[in-house]
Amino acid sequence: MIKLVNVNMNFRGKQVLKDINLTIEQGEIMVIIGPSGSGKSTLLRLIIGLLKPTSGEIWVNGREITAMTEDELNKIRLEMGMVFQYSALFDSMSVGQNVAFGLHQHTDMTEEEIARTVRRKLRMVGLRGQETAMPNELSGGMKKRVSLARAIAIDPHIVLYDEPTAGLDPIMSNTIDRLIVSTRRMIDATSVVVTHDMSSVFHIADRIAMIYGGSIIETGTPDKIRQSENPIMIKFIRGGIAFPESKGRSRA
Amino acid sequence: MLIEFFARTGRVVIGILEDIGEVLILFGQTVYHLRHVNSRLLLRQMAHLGADSLPIVLLTMLFTGMVMTVQTAHEFVKYGAQSSVGGLVAVAMGRELSPVLAGVVFAGRVGAAITAEIGSMKVTEQIDALRVMAVNPIAYLVVPRLLACMVMLPILVIFADVIGTIGSYLIATFSASITPFTFFNSIKVFAVPHDILGGLIKAMVFGVIVAIIGCHKGLTTAQGAEGVGQATTGSVVLSIILIFISNYFLSVALYQ
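So the sequence lines, in the order shown, correspond to chains A and B.
Position 128, counted from 1, in the first sequence is what the working numbering calls 128; the numbers after and before it change by one each time, with no gaps.
Heads up: take any position in the second sequence, counting from 1, add 1000, and you land on the working numbering.
Hints listed in this document are in silico derivations from the structure and should not be mistaken for laboratory results.
Model, not experiment: these values are computed from the prediction.
Beta carbons are placed, not taken as given, at the ideal position from N, Cα and C, and that holds for glycine.
Careful, some of the hints might be misleading.
Stated by the list, open to error - Simulated restraints on C-beta separations:
(1) A:ILE217 with B:ILE1245: 18 to 28 Å
(2) B:ILE1245 with A:GLU64: 45 to 55 Å
(3) A:HIS104 with B:PHE1244: 51 to 61 Å
(4) B:PHE1244 with A:ASN174: 27 to 37 Å
(5) A:HIS106 with B:GLY1229: 51 to 61 Å
(6) B:TYR1032 with A:SER92: 24 to 34 Å
(7) A:ASN174 with B:LEU1059: 50 to 60 Å
(8) B:GLY1010 with A:ASN174: 32 to 42 Å
Said to hold, decoys possible - Computed far set for chain B versus chain A, every beta-carbon distance over 12 Å:
(9) ASP1019
(10) VAL1031
(11) ASN1038
(12) LEU1058
(13) LEU1101
(14) VAL1123
(15) GLN1126
(16) LEU1130
(17) MET1133
(18) ALA1134
(19) ILE1196
(20) GLN1230
(21) GLY1234
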C-alpha cells in the first residue's frame, strides 16, 4: 500500500504539488491523470524516493520514506519497479542485459537461472527471442516493453508507470494497456500509472485521481469519474484542457 | 549599478564555491564507496579509458621528446655540453612533460568521454533508472572510473617516459651526432628514480582530477544535447586548468 499525507513539493520557490493526500491500496491500478506540467511525474518520483518532498509523509508498504537515507531507500526500491516515459534503457547493454541487470545486482541466481528469468519476462511482454538486440534497434513501443520487462524482473510489489503510452500509436498503446493489466494479474503488484492518454485510462484503472495545478481535485472509480460534474474533469475527459486548440478547430 | 556589479560578482563566487563543494562531496562519497568496487567494471574501464589512450599518448610523447631534443641538442653541442642532452630530456620528461602532457591528452580524451557518457545517461534518465533499481550511481559509475584513471594514467606516463626518451635518442644520435653512449650515460648521471616516481605521483593526482571532474560534470549535466556538449567542454577545460595548477604545487612539494 502507498499513502501520501499532506505532501507539498516546491521547486525553486514554485509550488508544484499542494497538500496531496492519496491512498493506493495493495493490488489496485491507480491512474493519475492531469494536464502536462501538473505534477504527475513529480508525484511518481516522490513515491520511489528520487525526490524528497518539501513537507508531508509518504508511506510505502507501511514504512515512511521521506526521512530515509539512499541506502535505506534502496531496500524499499527492491520491492518496486518503474517504467520511464522514455524507457531509460541502458543503451550500452543488450535487451537481455537490461532485463537481467537487477537480477545480477540483487540476487544470487546463477547465470542459467537469470537467462531463464529474462526469457520468461521478455515472453510476458511479447518480445520472445529479443535478448541480443540493442536498444537503438528497437521501436518506441518495443523499448517500453523492454522497460516493463526490466521493471518486473525482480517481481516487485509495486510498479510505477510514467506516461507508458506517450508517443505510441493506438495499437501499441492498447498492447501496453493490456500488459499493465496482465502484469498486475501475474505478479499481483500495486500499479501507479501516470498518463494524460484518456483512451488508456478507462481501460486499465481501478481508480483514477485527477491532478490539476498541483492538487488532487477528484478521486474515484472510472464510473464515478465519467459521471463527474467537476468542470475541469469534464473538460479534461473531453480533451478541452489537454488540447485547447482542438475546440477552436472543431468550431471552424 | 555598483550594487548590481557586486551582486553579480557575489553570484559568480557563490557558484564557484558551490561547484567546489559539490566536487569535494562527490570525491568523499566516491572514497566511501571504494569498498563496493566491482572488479569486472573496473577492468572494463581500465581497458576502455587507459589502454585505448595508449596510441595517442605514445604519439604525443614521441614527438615531444623529439622536439625537445631538436630545440636543445644543437645549442648544447655548440657549447660543448652534448653530454647533458640525454639527462636534461629524461629529467624534463620524467618530472614535468610526461605527466602534464599525458594528463592533458588524457583529460581531452578520457575526461570528455566520461562526461559525455554519464551526461547522456543523465539526460535520458538512465541515472534515475539505476537509482530506481537500487543501484548507487556513484558506486556503479564513478568508483570504477576513478580507480581506472588513478591506475592507468601513471602506467601511461611510464610508456610516455620511455617513448619520449626514444624520440629524443633518435634525434640526438641521427641529427645532432651525439653518440648513444654519451646520450645514455648522461641519463644515468642526471636522472634519479625520484624524477620518475614524482612524475607518477603527479599522474595519479591528475587521474583523480580527470575522473572526478568528468563524473561531476556528467552527473550535473543540464537537460538536452546542448547540456551534454556544454558539460563535456566544461569538463575538459576545468580538468586541464586544474592539472596545470596542481602541477605547480606538486612540483614544489615533490622537487623543492
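| GLY1234 (chain B) non-interfacial with respect to chain A [C-beta, more than 12 Å] | holds (22 Å)
| query | Between ILE217 (chain A) and ILE1245 (chain B), is the Cβ distance one that fits in 18 to 28 Å? | reply | Given a distance of about 56 Å, which is not inside 18 to 28 Å, the answer is violated.
| task | Just tell me: holds or violated, for the beta carbon distance of ILE1245 (chain B) and GLU64 (chain A) against 45 to 55 Å? | result | holds (46 Å)
| query | Does the Cβ distance between GLY1010 (chain B) and ASN174 (chain A) fall inside 32 to 42 Å? | reply | violated (56 Å)
| query | If you check the beta carbons of PHE1244 (chain B) and ASN174 (chain A), does the distance land in 27 to 37 Å? | reply | violated (60 Å)
| task | May I ask you to check that ASN1038 (chain B) keeps its beta-carbon over 12 Å from the closest beta-carbon of chain A? | result | Label violated. Min Cβ-Cβ 9 Å, cutoff 12 Å.
| task | Beyond 12 Å from every chain A Cβ: check whether that's true for VAL1031 (chain B). | result | holds (16 Å)
| query | Should the hint that ASN174 (chain A) and LEU1059 (chain B) are 50 to 60 Å apart at their CB atoms be regarded as holding? | reply | Holds: the Cβ-Cβ distance is about 57 Å, inside 50 to 60 Å.
| query | When you take the CB atoms of HIS104 (chain A) and PHE1244 (chain B), is the distance between them in 51 to 61 Å? | reply | Taking Cβ atoms as reference, HIS104 (chain A) and PHE1244 (chain B) lie about 41 Å apart, which means the hint is violated.
| field | Assertion that ASP1019 (chain B) lies outside the chain A interface [Cβ separation over 12 Å] | value | holds (18 Å)
| request: For HIS106 (chain A) and GLY1229 (chain B), compare the CB-CB distance with the range 51 to 61 Å and indicate the outcome. | output: Since HIS106 (chain A) and GLY1229 (chain B) have Cβ atoms about 35 Å apart, the given range 51 to 61 Å is violated.
| query | GLN1230 (chain B): least C-beta distance to chain A exceeds 12 Å? | reply | Nearest chain A Cβ is 20 Å from GLN1230 (chain B), so the label holds.
Taken one by one, the earlier hints fail for this structure at numbers 1, 3, 4, 5, 8, 11, 14, 15, 16, 17 and 18, listed in ascending order.
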